[in-house]
Amino acid sequence: MASLITCPHCGVRPKEEFAIRGDASCVRPEPLDSDEAWHDYVYVRANPRGRAVEHWHHIAGCRRFLVVERDTATHEVYSVADAAEFARRAER
Amino acid sequence: MVRDYNNRHALEQKLRAAPTPPAADHLMVGHWRAVATVLARSGQEETVQRAIASVPEFAMRFSAPAEWLVISEAEAPSGLARRLEELCGAMAHVIDLSDGRVVFRLSGPNGRRILAKGIGVDLHPDVFSSGGSANVLCGHIPINLARVGEDVFELIAPRSFAESLFDDLMRMGREFELTAAFAD
Numbered sequence: 001m002a003s004l005i006t007c008p009h010c011g012v013r014p015k016e017e018f019a020i021r022g023d024a025s026c027v028r029p030e031p032l033d034s035d036e037a038w039h040d041y042v043y044v045r046a047n048p049r050g051r052a053v054e055h056w057h058h059i060a061g062c063r064r065f066l067v068v069e070r071d072t073a074t075h076e077v078y079s080v081a082d083a084a085e086f087a088r089r090a091e092r
Numbered sequence: 001m002v003r004d005y006n007n008r009h010a011l012e013q014k015l016r017a018a019p020t021p022p023a024a025d026h027l028m029v030g031h032w033r034a035v036a037t038v039l040a041r042s043g044q045e046e047t048v049q050r051a052i053a054s055v056p057e058f059a060m061r062f063s064a065p066a067e068w069l070v071i072s073e074a075e076a077p078s079g080l081a082r083r084l085e086e087l088c089g090a091m092a093h094v095i096d097l098s099d100g101r102v103v104f105r106l107s108g109p110n111g112r113r114i115l116a117k118g119i120g121v122d123l124h125p126d127v128f129s130s131g132g133s134a135n136v137l138c139g140h141i142p143i144n145l146a147r148v149g150e151d152v153f154e155l156i157a158p159r160s161f162a163e164s165l166f167d168d169l170m171r172m173g174r175e176f177e178l179t180a181a182f183a184d
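Just so you know, the protein sequences line up as chains S and Y, in that order.
The numbers in the numbering used here rise by one with no breaks, and the one at position 82 of the first sequence is 82.
The numbers in the numbering used here rise by one with no breaks, and the one at position 93 of the second sequence is 93.
By construction, these hints were calculated from the structure, which means they are not laboratory data.
Mixed in with the good hints there might be a few duds.
[Unchecked claim] Simulated crosslink set (DMTMM-like; lysine to aspartate or glutamate; CA at most 20 Å straight-line):
| no. | chain 1 | residue 1 | chain 2 | residue 2 |
| --- | --- | --- | --- | --- |
| 1 | S | 15 | Y | 177 |
| 2 | Y | 117 | S | 16 |
| 3 | S | 15 | S | 71 |
| 4 | Y | 117 | Y | 177 |
| 5 | Y | 117 | Y | 150 |
Please take these sequences and the hints and turn them into a complete structure.
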């Protein structure tokens, strides 16, 4: 199956146009939180098989960061959103 | 040395031979086209878009949300940047890219089939209609592709990739005997 991502700004695009920038579910700790919290945030990542939320950078297109929810085993894509839009929704 | 670089077109070496008469499928390389990028301030996107779209001699190409490439055949590079500055004022940031971009125009009945060899975007007129534009990858080169007519595409490539893109396009068009020449 071709890896196609539907960019909210550019439409359906092949994965070659993107750079995958890793887990998008990490929440940045407060500046004065414990070293452990910061260590976990910077270095520790899960490697899930199944649904995962990731940052994808549309480097050859609109150059926006996207949040892609997909299955890491089947590459079924569930949702794609602009990262700014995603952050705004999370704040609410 | 800097002046030599600026005065030499990126494809001068490639298009040295005497021009051949254009075949059905023809690649035209723009001579010093004025290109500028416009980045609208957040909240001013629509005002900026309307202001630039109101000038008939400017062609506007979508590059990203609140970001466009503006090209003009009538204006000189400095004139284009100045007019855009006047038009947008504090609503947008304007950068002149004329020395950094090369504009290609691919026309002919097989244009779509030629581009399909390097571009992973559906170019059917129902999907990518006339007047549409987008940043895409052609092979490994990021370009801005626009459909300016039913069978006419315009590609805007970074100058340093122009030779490579030119070679790729000529190879992609070889089965259709694609010809190439400078625009004037």
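These are the hints, each one checked on the structure:
1. Proximity of residue 15 (chain S) to residue 177 (chain Y) is assessed by CA-CA distance (about 31 Å); at most 20 Å being required, the pair is judged violated.
2. Note on residue 117 (chain Y) and residue 16 (chain S): the hinted pairing holds, with a Cα-Cα distance of about 15 Å set against a maximum of 20 Å.
3. In summary, the hint linking residue 15 (chain S) to residue 71 (chain S) is supported, as the alpha carbons are separated by about 14 Å, within the 20 Å threshold.
4. At most 20 Å may separate the alpha-carbon atoms for a hinted pair to count; residue 117 (chain Y) and residue 177 (chain Y) meet this at roughly 15 Å.
5. Among the hinted pairs, residue 117 (chain Y) with residue 150 (chain Y) is consistent with the structure: their alpha-carbon atoms are about 19 Å apart, no more than 20 Å.
Comparing the model with each numbered hint stated earlier shows that hint 1 is the single one that does not hold.
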